[in-house]
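The whole structure should be built from the sequences, with the hints applied where relevant.
Listed below are the residues making up each chain.
Protein chains: 2
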Amino acid sequence: MKDKIKVGWVGFGRRGRYTIEEGYGHMEDVEIVALCDNYEPILAEAKELLDEIGHKNCKFTTEYQDLLDDPEIDAIIIMTPWLDRVEKAIRAMRAGKYVGIEVGSAYDIQECHDLVRAYEETGIPCMMLENCCYGRREMMAYNMSEQGLFGEIVHCEGAYGHYLLNGELFRDKEVGRHYRLHEYALRNCDQYATHELGPISKVLKLNRGNKMLTLSSMGSKGRGIKQYIVDNLGADSPYAQTHYYQSDMVSTNIKCAGGETIHLCLDTTLPRGFYSRNFNVRGTRGNMFEDANFMNFPGMDQEDKVKGNMDKFMERFDHPLHTEYRKLGEKEGHEGIDWLVARAFVEAVKNGTNTPIDVYDTALWLSIGPLTEASIAMGGAPVPVPDFTKGKWTNREPIVECKYCLDKVCVDTSVKIY
Amino acid sequence: MKDKIKVGWVGFGRRGRYTIEEGYGHMEDVEIVALCDNYEPILAEAKELLDEIGHKNCKFTTEYQDLLDDPEIDAIIIMTPWLDRVEKAIRAMRAGKYVGIEVGSAYDIQECHDLVRAYEETGIPCMMLENCCYGRREMMAYNMSEQGLFGEIVHCEGAYGHYLLNGELFRDKEVGRHYRLHEYALRNCDQYATHELGPISKVLKLNRGNKMLTLSSMGSKGRGIKQYIVDNLGADSPYAQTHYYQSDMVSTNIKCAGGETIHLCLDTTLPRGFYSRNFNVRGTRGNMFEDANFMNFPGMDQEDKVKGNMDKFMERFDHPLHTEYRKLGEKEGHEGIDWLVARAFVEAVKNGTNTPIDVYDTALWLSIGPLTEASIAMGGAPVPVPDFTKGKWTNREPIVECKYCLDKVCVDTSVKIY
Chain A
1 MKDKIKVGWV GFGRRGRYTI EEGYGHMEDV EIVALCDNYE PILAEAKELL DEIGHKNCKF
61 TTEYQDLLDD PEIDAIIIMT PWLDRVEKAI RAMRAGKYVG IEVGSAYDIQ ECHDLVRAYE
121 ETGIPCMMLE NCCYGRREMM AYNMSEQGLF GEIVHCEGAY GHYLLNGELF RDKEVGRHYR
181 LHEYALRNCD QYATHELGPI SKVLKLNRGN KMLTLSSMGS KGRGIKQYIV DNLGADSPYA
241 QTHYYQSDMV STNIKCAGGE TIHLCLDTTL PRGFYSRNFN VRGTRGNMFE DANFMNFPGM
301 DQEDKVKGNM DKFMERFDHP LHTEYRKLGE KEGHEGIDWL VARAFVEAVK NGTNTPIDVY
361 DTALWLSIGP LTEASIAMGG APVPVPDFTK GKWTNREPIV ECKYCLDKVC VDTSVKIY
Chain B
1 MKDKIKVGWV GFGRRGRYTI EEGYGHMEDV EIVALCDNYE PILAEAKELL DEIGHKNCKF
61 TTEYQDLLDD PEIDAIIIMT PWLDRVEKAI RAMRAGKYVG IEVGSAYDIQ ECHDLVRAYE
121 ETGIPCMMLE NCCYGRREMM AYNMSEQGLF GEIVHCEGAY GHYLLNGELF RDKEVGRHYR
181 LHEYALRNCD QYATHELGPI SKVLKLNRGN KMLTLSSMGS KGRGIKQYIV DNLGADSPYA
241 QTHYYQSDMV STNIKCAGGE TIHLCLDTTL PRGFYSRNFN VRGTRGNMFE DANFMNFPGM
301 DQEDKVKGNM DKFMERFDHP LHTEYRKLGE KEGHEGIDWL VARAFVEAVK NGTNTPIDVY
361 DTALWLSIGP LTEASIAMGG APVPVPDFTK GKWTNREPIV ECKYCLDKVC VDTSVKIY
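Protein sequences appear in the order of chains A and B. Using the numbering used here, the first residue of the first sequence is number 1, and each one after it goes up by one. Using the numbering used here, the first residue of the second sequence is number 1, and each one after it goes up by one.
Heads up, some of the hints might be wrong.
When chains are identical, the list treats them as one kind, so a pair holds in a single copy or across two.
Derived SDA-like pairs: lysine to any residue, alpha-carbon spacing no greater than 25 Å straight-line [as the list claims (entries may be wrong)]:
1. LYS226 / ALA257
2. LYS205 / ASN395
3. LYS307 / ARG272
4. LYS47 / TYR239
5. LYS221 / PHE297
6. LYS226 / GLY259
7. LYS307 / ASN166
8. LYS390 / LEU213
9. LYS307 / PHE274
10. LYS305 / ASN293
11. LYS221 / VAL383
12. LYS56 / GLU22
It should be emphasised that the hints constitute simulated quantities derived from the structure, not laboratory data. From a predicted model like this one, the values you see are computed outputs, not experimental measurements.
Structure follows, in structure tokens:
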């Protein structure tokens, strides 16, 4: 058990900066001792921030290998673009360092197998930092599912419903240097399935008594990006000359070994007007519908059976972790999810335990990109989903029986957290 | 042009009775001259109703052929269970009588081809009486799509989200004689796709410039029916001994020739708590989300961009047909949809024109049952969707340029209604 961990950080883009500024940078038990970004000009900004928030001994480099060679470093946090994240993770594990890896997609299934192999050969955990697993709504659903309130869960749905063009892929009507636009030009798949799939995996016990069997995916035509460019940058913009292969809508059906189905939707390039992960849980005893903001449990004493009633359930079934989090006061802007996922990772490193989102979860979630890509390209043909556990899903137990700490306040150890 | 039409009616179950009582039975230009039901005891009830509402000359029979042999009859309305509806429709067309057929599913694709052939050989129209095509929300969407307000439409979604166990398949905790339960025991498919698919087909111009290419469907395990039976009829009930093959959730992706995708969901045997057709339309310029009760058009002068704003759009973009309907005063309980679909059929018969939902639409929508059944059985493998028009979709125009009448009040003829 370590009192304080030393972190090597790679990637100081928008997301990397945010998570230091709002999270890791302010944790008393975390010291960022080295930061790497291959875009040298940004390192000065990084130094300014880290100096300001008390990480004055942090070293800065453009060479990732410098982090791996530093024997002081306990864990690497990877916040770089998607392209070589998995490779970076594997190198870190082989250097004996815990890995926290930002959400995203693999490019090929073999990357996922390689990641698992690195874990199995080194014993070093790797955790996808899927913040939405720590969403208040999602954790409430998990809490209620553990209590059996949904009955037998039969179907889950989720979406990444987030219009990215105005503000993400393009900023202030200028083209950002966001790498995702390049991905959207070249690939057509569900590139960003993990926000909804992470929590669904936890509810459906994937890799722990259940697994995905097959997946079938269809993609619509892609019109939104070009429309946005023509409307905002003009038809003569060089960006208007690119063809973007990405479908505006990717709709994916997944079948699980337990007979459950999952429906996922990537929905990022058509105007929407509201953000949604459309997290729906359907069981024989009850249900949750995010977009309708509605929950219904016929057998439960439940007064309010109208749309908009989810807050009442929050009062009653909030996950203890969120209740604890609220006692601490707001820690960051995303309703605690970034803080909580960071704490989960940090606690595992401190305790030398496995991470609550482990390498098998990480590999599975990363694989959705290439699997949907193949299925879409084959006109929706179902493709097998690899069992990255190689059978161990049949008897794996939950890792963490809540030895979770929030700023050193332990919650009830009888509560399961994944 | 006929002032009054004579109708032969077959099927006096719950739905048959309702549509006479709330609709056709009260139309001045409709005379129900014969009614058939093969369950003889119910004919006395039928006679009582028809006498009461002024159809005193109606004849009653258990023999469908009697209706076809009656030269007075202009049109047959088929409200019988699904099993031989298509056969009944074909026999009616071959007897020279317009056919209105209640919503449902075919059992095999060949039935759909046979129906089309009957039309092509006789010239007699056949209309699926899909009332949801006349839903106020759905017609508003059609109206707005015709005005180009969605921009290019890329994706549509719909569901039949209706918990059928308490009140439909089983009534008052007793087992009804509803034939659908039998279907749920033997088949596994989207047996009831037309409520959402009808309006989507109209928005996407299927059979008129667009068509479905392929369909892929996955089904969850089925647990809801058995759970309901055990909870309400007891584990010893003979119904508890049956295995019900129907999935609780059927999730279907469809790809269209125009590049659009459609997502459909059958959702009838798990508790929900609210009815929904989850009618969603997604375009490059705007969108509609039923469950979120939200519409958003970035380029439009639109004050209210919060969930729940759909009513404001209703005030502004109500389809003229619904505006007219409201002037007449409420005609029946389903917000006018049963009345309007009935009027559409009756007007076509009176005018000797084709029906706004025609035989190609009917065949296509009926085919979803067997197509999803095959795809589910093949693990979600995509199956081709037949082109029932045999290529005519490439240059077919909308049939009806609004020569619609509502209780003899014609609406603006410049407005397209399908």
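Hints and how they fare:
Within a single copy, LYS226 and ALA257 get their C-alpha atoms only as close as 40 Å, which misses the 25 Å cut-off; across copies the closest is 20 Å, which meets it. Proximity of LYS205 and ASN395 under a CA criterion of 25 Å is satisfied intra-copy only: 11 Å inside one chain copy versus 51 Å between copies. When the C-alpha separation of LYS307 and ARG272 is checked against a cutoff of 25 Å, the pair qualifies both within a copy, at 20 Å, and between copies, at 11 Å. For the homomeric pair LYS47 and TYR239, neither the shortest alpha-carbon distance inside one copy (34 Å) nor that between copies (71 Å) is at most 25 Å.
Taking identical chains as interchangeable, the C-alpha atoms of LYS221 and PHE297 lie at most 25 Å apart only when they sit on different chains, with a minimum of 20 Å there against 39 Å within one chain. Only between protomers do LYS226 and GLY259 lie at most 25 Å apart by alpha-carbon distance; the minimum there is 15 Å, versus 40 Å within a single protomer. Taking CA atoms no more than 25 Å apart as the test, LYS307 paired with ASN166 passes between copies only; the shortest distance there is 20 Å, against 30 Å inside one copy. Taking the shortest Cα distances, LYS390 and LEU213 sit within 25 Å of each other inside one copy (13 Å), while across copies they are farther apart (37 Å).
For a Cα distance limit of 25 Å, the shortest separation of LYS307 from PHE274 qualifies both inside one copy, at 17 Å, and across copies, at 8 Å. Taking the closest pair of Cα atoms, LYS305 and ASN293 come within 25 Å of each other both inside a single copy (11 Å) and across two copies (17 Å). Proximity of LYS221 to VAL383 under the C-alpha cut-off of 25 Å is found in both arrangements, the shortest distances being 21 Å within a copy and 19 Å between copies. Taking the closest pair of Cα atoms, LYS56 and GLU22 come within 25 Å of each other only inside a single copy of the chain (17 Å); across copies the shortest separation is 79 Å, beyond that limit.
Going down the numbered hints, you'll see the structure goes against just number 4.
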